[in-house]
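Q: The residues making up each chain are set out below.
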Amino acid sequence: MNQLLTNIKTIPKAAWPFIAFILLFFLGGLLRPELITIESLLGTAAFAIILAVASYGQTVAIIQGGIDLSVANTIAFTALAFLTMTRTVGFFPALIVTLLLGSLIGFINGFIITKLSLTPIVTTIAMNGFLFGLILLLFKSSELATVPVELEVITTARISLLGVSFPAALLVGLIIMALLQAMISYSGFGRQLIVTGTSAEVARYSGIAVDRTKTLGWALTGFLNAVAAVIIVGFYSQASPTMGAAYLLGSVAAVVVGGASIFGGSGSFVATVGGALVLGQVATLVSVANLGSNIQQLIYGLIVLGVVAAYGRNKKG
Amino acid sequence: METIKTGLFSAVTRLRAEGATAPVLAFLVFFSLYVVVNPEILTRFQLQNAANLVVPLAFAAIAQMIVVIVGGIDISIGAIMSLCNVSFALMMINLSPAIAIPATLLIGVAAGLFNGLLVAYLRLPAIAVTLASFFIIGALTRELMDRPGGGISFEFFLATSGELLPFVPVSFFWLSLFAVALWFVLQKTRFGRHVYAVGSNPEGLEAAGVHSRATIVMAFMLSGLTVSIGAIMLAGSTLTGDPRSGDAYLLNSIAAVALAGVSFAGGRGSILGAILAAFTLGLIGNFLYFAGINASWQYIIAALILLSVVAIPAIVERVRKAYRESK
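The listed protein sequences derive, respectively, from chains F and X. Residue numbers are given in this note's numbering: position 91 of the first sequence equals residue 91, and the series is strictly consecutive. Residue numbers are given in this note's numbering: position 160 of the second sequence equals residue 160, and the series is strictly consecutive.
Just chain F, same shape as in the assembly (with noise of 0.2 angstroms):
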């Protein structure tokens, strides 16, 4: 039994949500044997990946100690601006901007919190709010539906891989993934990222320039947050202001989830996959079930308390 438990505690703590999903999967098969197909599968992960991709910026944002609200609006904002200006300009050129805007929107939030000293938690609701604003003043058309092909092919356009096919966007997801896990895990931006998340006071006395770092850090957020919009903006073919707003405490539950501590220091992008993945299967169980979203909604909550239960406890208590 000991030993038992000393197994289950050398479990790699990314695992975890995995491990749930899976089990979460076997239960859709034991209410409903057909469900236990690779389509079935695929399907749940094309949707969930979308809730990760949207999350990637959030999980940069906790893991180097803050929260991220102004992901709503800034997914809203950058996805109305790219929309418009494939009209006109073009789609790389479009990219690029759209990109360059997510940084810069990103950029100032940490400016403003490391050089005035503000919350991330104010930042980020001020800045929400001020998006919001441009959203209604720059954008006419509240609804913009002409997606370019060169978005399709990374999207919805499918992808048939030995015998299956899936939605480019999943693959997408999976690639974007591996690439911040890399940089996270084994470039030195990353590590200095997670010890100024542990402590801004152990990262400043370890010669970690903590300002710097951190605004590139929430730079990086925005950027990401850029990415995810030009992504949900191909694969859901529109844009809306109010597009981004399932995504502002939806990011968070991924990332909490996938077991981060919302204290910052802890936490990984193939862990809020998993988590975004978990979510994902208790949507489709619950629509298999036919319960309705409400109970969807109270499943979210359980899960999230009980992830928070289990890793969150107030090391300060």
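Keep in mind the hints are simulated off the structure, nothing from the lab. Just so you know, not all the hints are guaranteed correct.
As the list claims (entries may be wrong) - With beta-carbon atoms standing in for the labels, derived distance ranges:
1) F:VAL97 with X:ALA295: 26 to 32 angstroms
2) X:LEU106 with F:ALA182: 51 to 57 angstroms
3) F:ARG32 with X:LEU106: 37 to 43 angstroms
4) F:PRO33 with X:LEU106: 55 to 61 angstroms
5) X:ALA265 with F:PRO93: 40 to 46 angstroms
6) X:TYR121 with F:ALA178: 39 to 45 angstroms
7) F:GLU201 with X:PRO166: 38 to 44 angstroms
8) F:ILE96 with X:ALA265: 51 to 57 angstroms
9) F:ALA289 with X:ALA110: 26 to 32 angstroms
10) X:PRO148 with F:LEU30: 35 to 41 angstroms
11) F:ALA182 with X:ALA208: 39 to 45 angstroms
12) X:SER176 with F:LYS140: 40 to 46 angstroms
13) X:PHE173 with F:ILE96: 55 to 61 angstroms
14) F:ILE96 with X:PRO148: 40 to 46 angstroms
Don't be surprised by glycine CBs; every beta carbon is placed ideally from N, CA and C.
With chain F's structure known, arrange chain X on it following the hints.
A: Using the frame of chain F, we list chain X on its own:
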């Protein structure tokens, strides 16, 4: 005369100590501009409309402030607001206000109890607990009512938001009554002193033999009670219950608390500051309308007011430090 002078002096000192000077000044400047642009705000009808618009936000801001003072943050406040709003509107279909009001207050207190127990006794971070209750309470609310409705009577509108009193908007009267009672609880009772102490120095409080956990739970319950009153006022002024009515208060209550100069490290916060900050943020849209400016600017202006007022102390501190170092 002398007592008035010292009274005024101590009031100003207290505002400064609570970080509320900037929001009070910001409100005075803003309201003066408002009166210049639109003197009719001082007429009965307009003042009443303005009060009805901002009073629920003031309650939400005070509720958020209570949680922030004990060192937490509550992102379920919007959800609790919707739940109480919807429950109250539903109960008003068949029940008398004498039952519906206390029952709604109990629901708010219960929501606070739920959050508070998890934060204080399981030692879970408030932001994560209230994220979970945001989902759970939201689900319950939409299960109760999925589209606007309920049975708010016109008499109830008159009692909470109409012309019950001469000159003063009645919603403003209820807010003032509550604020004075809360001020008394927070400033003049042992519990109130513990609330401030638990945010600034929990170990010291524990060492002094005070149950800091019980204080935290009670602070969350008081916060829930405050939200539920705001939800009843909202139901009264809009004559309806709406499962989405609380959504806007999630971010706006935090913004108002920040504008009020409340420290997010806990231990500090002024009721007057929170009320005036909520009034400022809540009236920007109306102000722009009367100034003939596109109302979409309100979000941008609110963000800039928030950033500048909150950043001023940090900037002043930086300039002072640079000045000292240069000498």
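Q: For each hint given before, does the structure comply? Return the numbers of the non-compliant ones in rising order.
A: Failing hints, ascending: 4, 7, 8 and 11.
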